[in-house]
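*Asks:* Chains as they are written, first to last, in this note's numbering: chain A, 7 to 159; chain B, 7 to 159; chain C, 7 to 159; chain D, 7 to 159.
Because the hints were derived from the structure by calculation, they are not lab data.
Owing to the predicted nature of the structure, the values given are computational and were not obtained by experimental measurement.
Please note: incorrect hints may appear among the correct ones.
These stretches of chain B come out as covered by chain A in the derived footprint (C-beta under 8 Å, 3 or more residues) [what the hints assert, rightly or not]: (1) 8-21; (2) 36-42; (3) 86-96; (4) 100-111; (5) 119-130.
Cβ atoms here follow ideal geometry from the backbone N, Cα and C, with glycine treated the same way.
Protein chains: 4
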Amino acid sequence: MSQDFSQRMNELPEGWLQAMGVTITLATQDEVRAELRVGTEHLQGYGIVHGGVHCGLIESLASIGAALFAMPRGQHVVGLENNTSFIRAVRAGAKLKAVSTPITRGRRTQVWEARVLDEKDQVVATGRVRLLCIENDQALAGEQVQGVLHPGT
Amino acid sequence: MSQDFSQRMNELPEGWLQAMGVTITLATQDEVRAELRVGTEHLQGYGIVHGGVHCGLIESLASIGAALFAMPRGQHVVGLENNTSFIRAVRAGAKLKAVSTPITRGRRTQVWEARVLDEKDQVVATGRVRLLCIENDQALAGEQVQGVLHPGT
Amino acid sequence: MSQDFSQRMNELPEGWLQAMGVTITLATQDEVRAELRVGTEHLQGYGIVHGGVHCGLIESLASIGAALFAMPRGQHVVGLENNTSFIRAVRAGAKLKAVSTPITRGRRTQVWEARVLDEKDQVVATGRVRLLCIENDQALAGEQVQGVLHPGT
Amino acid sequence: MSQDFSQRMNELPEGWLQAMGVTITLATQDEVRAELRVGTEHLQGYGIVHGGVHCGLIESLASIGAALFAMPRGQHVVGLENNTSFIRAVRAGAKLKAVSTPITRGRRTQVWEARVLDEKDQVVATGRVRLLCIENDQALAGEQVQGVLHPGT
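Kindly generate the complete structure, drawing on both the sequences and the hints.
*Replies:* Written out as C-alpha cells, the structure is:
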C-alpha cells in the first residue's frame, strides 16, 4: 500500500486548493481523492459551478498523484494538457467528491484521469491530464523546483 | 461595434471570477478580455500558477462571449468541453492577460478559443471551449436559468 | 440485453471503417467493440501507427454507440469534440482491439469514452468523444440525414 | 525561409497519408499544408466526412512540422495528445485544405494547431496536437527511430 500524503497537502498554508476550499482525502501514487463543499466562490454567472473548478480539481488530483509517483524517481512533474468534459450542472450547497487514477506512468510522461462526483455518485465532470516528468536537477520557469512534496521542504 | 458588458461582469458581488481576482476588461459577443495579478491563491504546490486557473480563465472568457452572443437570440449557454494546453510556467507577481474569440457561433453550439498571455505577450496557455446553446425556456439543473446577463437580472 | 448491430456495420460497402480495415465486433447502445490488424495503411513516417487511426477508431466506436442509443428516440448524432491521448507506440503486424462505453447519454448531448488495446490488453490510446443529438427531422449539412442505421435504409 | 520537404513526403510509397489520399503542399518547420479530395474512404455512416479524417489530418500536419523542427536538433517527435473540434459537416466531392502552425516549439515538447478548411475557406475542423521531443539515440517502441525525414533514409 503506497503512502498517504493527504495530511501534508491539507497543511499547506495557501494556494489554489486552499482558496477553493478543497480537502484532499487521499494522496498516494496510485490514487488521489478530494472533497469540496460548493460555495459562492465556485460559481459562474448562472449560479452553477464554474467549469474551471472542475478542470482545476481534475488538474490538482492528477498532478498530486503524478508528483507522488515521480518523487522517489528523482523527478517532478508539470502539467501539459487538461481536457475536461462537463456532464451535470451543480449548484451551491452541493458536496463534490473527486477521484483520480493513472492511465500510464512513464519515465517521460504520465496520464491520469479523474472524475468529479455529486452526493449521489453521479458523474459531474470527467477529464484527463497529461504531465511531463522532469529530472529534479532541471529548471522550471528559471528556478530549481522546490515543491511541498520534495525532500527538505 | 458590439456592446461592452465588462462593467456589469465586474460588479458581480461574488463568484469564481471574484475569488480568483479576475478583472474583465472587455466583454462583447465578438471578443472577451480579462486581466489577473498572480497571487498565492493561484498557485499549486511547486509555486507556479495552477493549471486550473488557466482552464478557468479560458472557460470564463469563452462562456461570457458565447452567452453575450446567445442572449439576444433568447438562448443561454452551458459549457460542454474545455481543453487547455499549458505552454509556460508563471510565478507569483506576474500579470496575466487573456483574450477569447469565437471559432463558430451556431444555433446549437458555439466554440471559442482563448489564450492567456504574460507581460511580454508570450502565450502561457491556450484552449478551446465548446458550449451548448439552450433556449431560455428550458431548464438547467432543474431550474429556469437566471443569469447576470439575462434580462431582468 | 441491447441489440447487436455489428453485422450491419460490417456489411457497409465503403467508408472510413472499410478503408482502414476495421471490423466491428459488437455494436449496441451500451457498448461498441472493434478489431484491426495493423497494416501499412495505418502507419506514419516513423513506421508506427498514425495517431489519426486511434482518434478515428475512438470516434467510430463512440459515434456508433451514440447513434444506436439515439435512433429509437428519433434522433441522430454528430460528433462535436474528440480528445485522444496516445499511450504506447504500435508497429505493423500488431492486432488492436477497441472498446467504447458511455459516460453520459442525454437528450441533447452524449459523451462516450473509448480505449484502444494491444494483444497484451495494454492501453495504446484512450479518448472521449462528445456528440450532439439532433432530431431526425432537422437537416445536417443541408440534407436530411439518412444513415445506415436508420429505418428504411 | 525554411526548407520545403513536401515533395519527399508525397513520394512515400505507403502509409496513412497515401491511404487517405492526402497531398502535402507545404512542409516546413514553420508551417505545413495539405489538400484532400473527399471520397468514399473518408465517410462515416451518415455520408459525411468521418471525424477521424479531420483528427488524422491535424495529427499529420502537426507531426510533420514538429518533426522538421526537431530534426536539425538531433530529435524526433511522438504525438502525446490530439484534441479536435468539429465545426462543419462535409460531404463527398468536397475539396479540403489544412494548415498547421506552431504554438510552442520547445526542447521537451511542442504544440501545433491546425485547421481544416473547405473550398470557401470556412473552418471545418480545428485542433491542437502536443508532441514529445525525443533524442534520436533513444528508442521508440523498442527500436531505434528511422523516419522518412531522418538523415540517411
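*Asks:* For the region 100-111 of chain B, does the count of residues with a C-beta closer than 8 Å to a C-beta of chain A reach 3?
*Replies:* That given contact is violated, which follows from only 0 residues of the region 100-111 of chain B lying within Cβ reach (below 8 Å) of chain A.
*Asks:* Three or more residues of the region 8-21 of chain B near chain A by CB distance under 8 Å?
*Replies:* As far as the region 8-21 of chain B goes, the hint holds, because 4 residues have Cβ atoms under 8 Å from chain A.
*Asks:* Check, residue by residue, whether the region 86-96 of chain B contains three or more positions whose beta-carbon lies closer than 8 Å to a beta-carbon of chain A, and give the verdict.
*Replies:* holds (count 10)
*Asks:* Check, residue by residue, whether the region 36-42 of chain B contains three or more positions whose beta-carbon lies closer than 8 Å to a beta-carbon of chain A, and give the verdict.
*Replies:* n = 0 at 8 Å, threshold three: violated.
*Asks:* Against chain A, does the region 119-130 of chain B show at least 3 residues with beta-carbon separation below 8 Å?
*Replies:* Per the Cβ count (0), the hint is violated.
Checked against the numbered hints above, the structure breaks hints 2, 4, 5 and satisfies the rest.
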